[in-house]
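Visitor: With chain H's structure known, arrange chains D and U on it following the hints.
Protein chains in written order, with this note's numbering: chain H, 58 to 817; chain D, 1099 to 1197; chain U, -13 to 589.
It is possible that part of the hints are untrue.
Claimed, not checked - With a straight-line cut-off of 30 Å between C-alpha atoms, the simulated DSSO-like cross-links for lysine-lysine are: (1) H:K718 - H:K688; (2) D:K1148 - U:K453; (3) H:K689 - H:K718; (4) U:K34 - D:K1136; (5) U:K59 - U:K425; (6) H:K643 - H:K602; (7) H:K718 - H:K602; (8) H:K125 - H:K80; (9) H:K329 - U:K459; (10) H:K192 - U:K453; (11) U:K59 - U:K34; (12) H:K751 - H:K789; (13) H:K192 - U:K425; (14) H:K321 - U:K459; (15) H:K80 - U:K273; (16) D:K1136 - H:K373; (17) U:K59 - H:K535; (18) U:K465 - H:K81.
The hints are simulated quantities; they were obtained by calculation from the structure and are not laboratory data.
Just so we're clear, the structure is a prediction, and the values are computed from it rather than from any experiment.
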Amino acid sequence: MARKRPTAVVPRITVQSVEAELKKTEYSKALSLAARLVESEPSDSHLACYTRTLTLCVDGYLRQGKVKSATETIRLAELFAQSHASQRPAVAATLARCGEFDKALGLADVPATRMHIADLCMRRNRADGAPTELKADFAIVQAAFRDYEAGRDDMVRDALGKLGLTSSFLSWKLLLRGLQAYAVNDISRAIENWQRLPADGLAAQLAAPLRCRIDPDFRRSLPANRATEFDRATENVFSGGLAGELREIQTHTGRDQDLTPIWKPVASLLPKLRAVQPSCVPRLASALYHLIVRQGRPADLESYRRQFPSPHDDPKFDRLRALACESTGEDDFAVEYWIAYEQWLATTPAGWPPDLLARARAIVLQRIGRLIEDLNIADQAPAELRRAMAKMLGEPLEPSNFGNPDDYYRKSLVLAPDRSEAACLLFDRMMRSQRWAAAERVATDFLAQQPDELDLLERLMDALREQGRSVERLAIAKRAAAVNPMDAEIEHELIQAYLATARWYLFQGDTDSCERILVEAGPMREVRNPAAFGSLRAILARCRKQPAEAEVLESQLLERPGLGPAAALYLSVLGQLARLKPAQRKPAEQRLRNTLANAQPTASEALGLLTAIAEMDFERMDFRGRATLDKKILAMVERSVNSDANESEFEFVLRTLMNRKNHKTVSTMAARLATRFPKSPVFPLFELQASVLKSPGRRPTGTMLGKLSLARRLAEACDRPDRSEILDAIKKIQAALDPFGGRFLFGGPFGRDPYDGDDD
Amino acid sequence: MANPYAVLGLPPDADDAAVRSRYLQLAREFPPEQHPEKFAAVRAAYDKLKDLDSRAEYRLFGGADDETIDELIDSVIRSGPIRRITLNELFRMAGVSGR
Amino acid sequence: MTDPIIGIDLGTTNSEVAIVVDGQPIVLPDDSGDPILPSVVGLGEDGKLLVGKPARNQWVLAPERTIKSIKRKMGGEEKVELGDSRYSPQEISAMILRSLKERAEKHLGSAVSKAVVTVPAFFNDAQRQATREAGALAGLDVVRILNEPTAAALVYDPNQEQRERFLVYDLGGGTFDVSIVQLEAGVYEVLASHGDTRLGGDDFDELLLGRVADDFRDAFGVDLRESRVARARLLRAVEDAKKKLSDHPFARIEEEFIADKDGVPLHLSVEIERSEFEELIGPLLNKTMECVQNALDDARLTASQIGRVVLVGGSTRTPLVGQLLEDRFGQPPHREINPDLCVALGAAVQGAILGAEKVDSVLVDITPHSLGIKTLERRVDFAYVPNEFRFAPIVERNTPLPAIRSEVFCTVADNQPRVDIEVYQGESADVRRNHRVGKFTIEGLARVPAGNQIVVELNLNLDGVLKVTAREKSTGLTKQITIENAMARFAVEERGAAKERLERLWGPSEFVPDFEPVEEVNRVFGNAPALDPGPQEGQRESVQARALLEKAERIIAKAADSDKVELERLANDVRAALADRRWGDLATASGNLSDVLFYLEDV
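In isolation and in its complexed conformation, chain H is listed as follows:
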């Protein structure tokens, strides 16, 4: 096949290319292109294009002040129109708009030409050079506008009645009637009139901004920018300039923006606002108050005070300062200001109903406690980090001296004894410092007021568990379950409380009470934790000297698939704690040894064992040989890595190990599993988490970062239902690897502004 030789490409001129030049305001270029277009083919559309180009060029030149070019173009247009009759009306319109009335009428004496002459008269505010009959109507319209502006609507009506269907000023009649309707809020009538305005006339152009406000269809037909321009323009006229100044202030509102430039417009706006709309002054004050909270500096507060009185609720601006400091992270200053604000509230200022005042104080006091807690956490930062921060700040970090958060929480509770938040915060602090009894007191005191508060009931259960007070714990668990029988977590706590109580009686030697508790728990609960309940029942039988029954129970338990290892562990530990005779315990211990020696345990066996030992930790069951046992269990779990289990079973195992902080085992197993399941994002993640947690504060190594990006890649590629949770976890690790902690900035196409949305 013969190839064609490439031919030179001549750019084809089209209507579009002319339009493009016009858009760039390249008028002479547009004109010459359009002329060539007509030359090449004088079709109707090409002729129209040339006329349009001529018109736009004249307008454009005039706008640019190039009178000479404009005049030349007009001449060109005239010549063109003489040879092309179809283009005469359009050219006549252009001539009319340029004031060449006679020439325009000479070219095409049509109503449109006359309308354009009338429009120019209106624009120039004089009618010289216009035909006589136009002059008469011009005078009528001018007078009508004066009457309209003076509010003499009847006279307007009479005057407009004189303008007939053939008047060249008919569009001005419509404009004026629309304005009259608008002035009396007859929107539909205004729209009706303005809809009939010829689109290329001046009257339509003048009506457009108002029409844009009231006529949704018209608004939709405009480009968004144009509509916004119209809005700006009308707003200013409507508000006597106030809107423009407010907009000026508003341009400076936004994240991280400096407020300094707003105070000048505020100063110029205020007197006008006071005169015209005094009710808006306090509203402006309130808006500015909150602007300062979000983005202000101390100087802004001073500017504010020069212009506005102090707000009723914050006479010394302590609250404003406190909130502003919080938003910039200066928590220590925030605490100082909140303390001052709370002291002002304590003087019982007017305008606060007593209950609201007490509640407000309680909320502020609790907030102070929280802030101090946060400050203290910063104080507890690793020495290395503290040195780095001190260097950055240029001064050493001092521990805060605002006192103990406990005291603020307590005061808060005195003022609002039914608010559970402060009580919970206080309780959690006690628990963290292992003051079980004090924690218990906080919960009991609160529950004396609000007996059904689940947050505290659940916390009280924890405190009692830590103290090993099982009987009381069970009573509280039952109370909680009575409040919300639907809650699965409470139900779980209740089951654990039954078990703990039954065990406690058994270890006391009170076998009857143990039996009673087990009966009370009922079979529905026993099936939820068969290993723990079953082994307890077997040991109970042994304590009651019923070895035959115990044997039956034990063998039933050990035979259940997957339950064996956990049961073996329970039987051995419970036997020891129930002080069975060595001979009675021997078979159980032998069984446990065999289990632990299993060279190829399955993942579910490993998981069963782990869960059981975790439960014993949680329940604070202490027994001889605890440490060695733990090691052996971990060794066995590690061996399960070779077993024939699936991905999710191993995930369970690793998760349980993570919860128990067995980081070393996790990292060994995860490394092996990562090669075995190369598509799973979870195993590299576990490995990484474990190595981060094994030695916190260590600088991240390249391998760790590599693992992180591997995990992320795998997570992004996977379609697991918990995909986003995994990605979240990856982000958290990223944050942990960052020595200054993970501070997130939200972006978009736009993102949430961290300073917004804090108020709700």
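Guide: Using the frame of chain H, we list chains D and U on its own:
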């Protein structure tokens, strides 16, 4: 968003029961079916005042979205005294030279 | 009678239609007095469309020509086969709706065009849209989509002054919903809703069928599920057994000649104990109990704060449901109002509320799903790939409707000229797991550094119509879109074709309602024969034309001479058309005249 006390027509010392009964009354007066916007405003105000904690939080930290410059602009435009637009203003608004 | 609004419960297994008569809602029965219409659609042997009982009856014999439980497919793209054609779920639902519509028309003796249709509270936007579409295809204007549990609560007496909280547990054939509704001083407030749109009595049947078929296979080596007819017979049998187990400790399934093996006929005969059945469905019921807990959590309530538990939906007849709820709530659930009918009754009540000027009770419903937009999340350090799929909820779930909420977002790039607003519905932090409901772009933003604030406002009304507005804070540049529920995704031409297809399938209706709008006239003239339609047709037009001519004469008298000629010409055109009763021409001529008169009138 206006001051919730003003929306509900309640004094600053209104208690839980007063807020609740006023809300129910207004909900019957302006059901969501027939008065969606009015109801939405009533409901938003109710959520800010419905219990002592909400009221105290509102008094302490709220109000940031009560008054925004936007709403001020809105109200200066809406309540502006001028309704009769002059011809000169029309020229100015439309950005047309002349006059 | 002004346009009645009927209430329709469009269920997975059964559907009902109800209206309010003299202030009391009643469910309308079919000719045999049965209020329930099975939600089954089929084609008869002669290719005739069957809806309801006849379709259900033929299902066992001709499962390939019969469709059940279409509700489970609503909102999806999947089509179903019926005979030679494939139908969208909307079309199948439309056949059921149309049957109910005709039932109502027969009872009322007049045309019905408006309906309140109920859906599970947990239906998402797509599923609701599909329901609306089904209504439109059936010739019904769905004036409101109402949540089923809310409808059920509406049936209870609204005149109590005391505050009362219901938990409505609605387990139907294919969907599960739980809602907490508070009633006080005539105001119904939905506090929270949860549910699973793909869990219901059908699943119980499937489980039971699986068990029986497994046993049969173990015994005879034949899998009954492999033959469509055997499967259909078995399903019918287990459905009956399930119902029997509601009142009896055991049920027998006897099906003779259900299969054959090597030419030997096999009979099925098994006995199922209730405890066995309960063990099978236990996990599903536990799932519903989790939803109950979630709803309580969302409403910040505990079980003890619930005044009464109301059961809705046929599947709640299974005694274990009542038992589980009684265990948790410490009170027996209420079944005073027939659980099969109360949703339709409530829909009719809502229809009456919508139709009446005066409103006795008020309903404050909520949105069960969060609505928000897609945003980009970026960390300070640039090693991290930004997450561009972050979901930023603006209207949180359980927000009362109508809801108007706004949030401020920022541009991320300097001089960013435009932003895309993509609106999603759902609860996941990752938008890809949520349902996208719409998208638009706002362009022409100010050329400023990153951080340009854009206020996004979502306005969700009771109909689920969402208005989204984005506004550049500094300039006020605004763009708005409205995401209509109705018809948005069902292309118009496709809708037309579907409607036509349905008409064809429907064939001549057995009942032709009396649509003639002469009811008023007949009342006045007793049983006088209907008037000649000619004058009636032009009556309004001629009155209007005469008024227009009067106005024209007034204006012509005052008009300038130059205008008079033109005006007279136009007026004469009108007069001529009026005299000749050319109604079409009259409308044109009147339009021309009034258009010109506008310029001269001095109102």
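Visitor: Does each hint hold? Answer for all of them.
Guide: Now the hints, each set against the structure:
Simply put, K718 (chain H) and K688 (chain H) have alpha-carbon atoms about 13 Å apart, close enough for the 30 Å limit, and the pair holds. Between K1148 (chain D) and K453 (chain U) the CA atoms are separated by roughly 28 Å; this keeps the pair inside 30 Å, and the hint holds. Straight-line distance between C-alpha atoms of K689 (chain H) and K718 (chain H) comes to about 16 Å, which keeps the hinted pair within the 30 Å bound. Distance check on the hinted pair: K34 (chain U) and K1136 (chain D) sit about 51 Å apart at the alpha-carbon level, beyond 30 Å; violated.
For the hint pairing K59 (chain U) with K425 (chain U), the CA-to-CA distance comes to about 25 Å; that is within 30 Å, so the pair holds. The suggested pairing of K643 (chain H) with K602 (chain H) holds, with an alpha-carbon distance near 16 Å, which does not exceed 30 Å. The suggested pairing of K718 (chain H) with K602 (chain H) is violated, with an alpha-carbon distance near 40 Å, which exceeds 30 Å. In summary, the hint linking K125 (chain H) to K80 (chain H) is supported, as the alpha carbons are separated by about 21 Å, within the 30 Å threshold.
The straight-line distance between the Cα atoms of K329 (chain H) and K459 (chain U) is roughly 24 Å, inside the 30 Å bound, and the hint therefore holds. Between the alpha carbons of K192 (chain H) and K453 (chain U) the distance comes to roughly 51 Å, so the proposed pair goes past 30 Å and is violated. For the proposed pair K59 (chain U) and K34 (chain U), the alpha carbon gap of about 24 Å is at most 30 Å, so the pair holds. Of the pairs offered as hints, the one joining K751 (chain H) and K789 (chain H) holds, with about 16 Å between alpha carbons and a cut-off of 30 Å not exceeded.
With a C-alpha separation of about 55 Å, the suggested pair K192 (chain H) and K425 (chain U) falls outside the 30 Å cut-off, and the hint is violated. This hinted pair checks out: K321 (chain H) and K459 (chain U) have alpha carbons roughly 20 Å apart, not beyond 30 Å. At most 30 Å may separate the alpha-carbon atoms for a hinted pair to count; K80 (chain H) and K273 (chain U) exceed this at roughly 64 Å. Restraint check for K1136 (chain D) and K373 (chain H): not satisfied, since their Cα atoms lie roughly 37 Å apart, outside the 30 Å limit.
For a cut-off of 30 Å, the pair hint linking K59 (chain U) to K535 (chain H) is broken: about 44 Å separates their Cα positions. For the hint linking K465 (chain U) to K81 (chain H), the alpha-carbon distance of about 27 Å falls within 30 Å, and the restraint holds.
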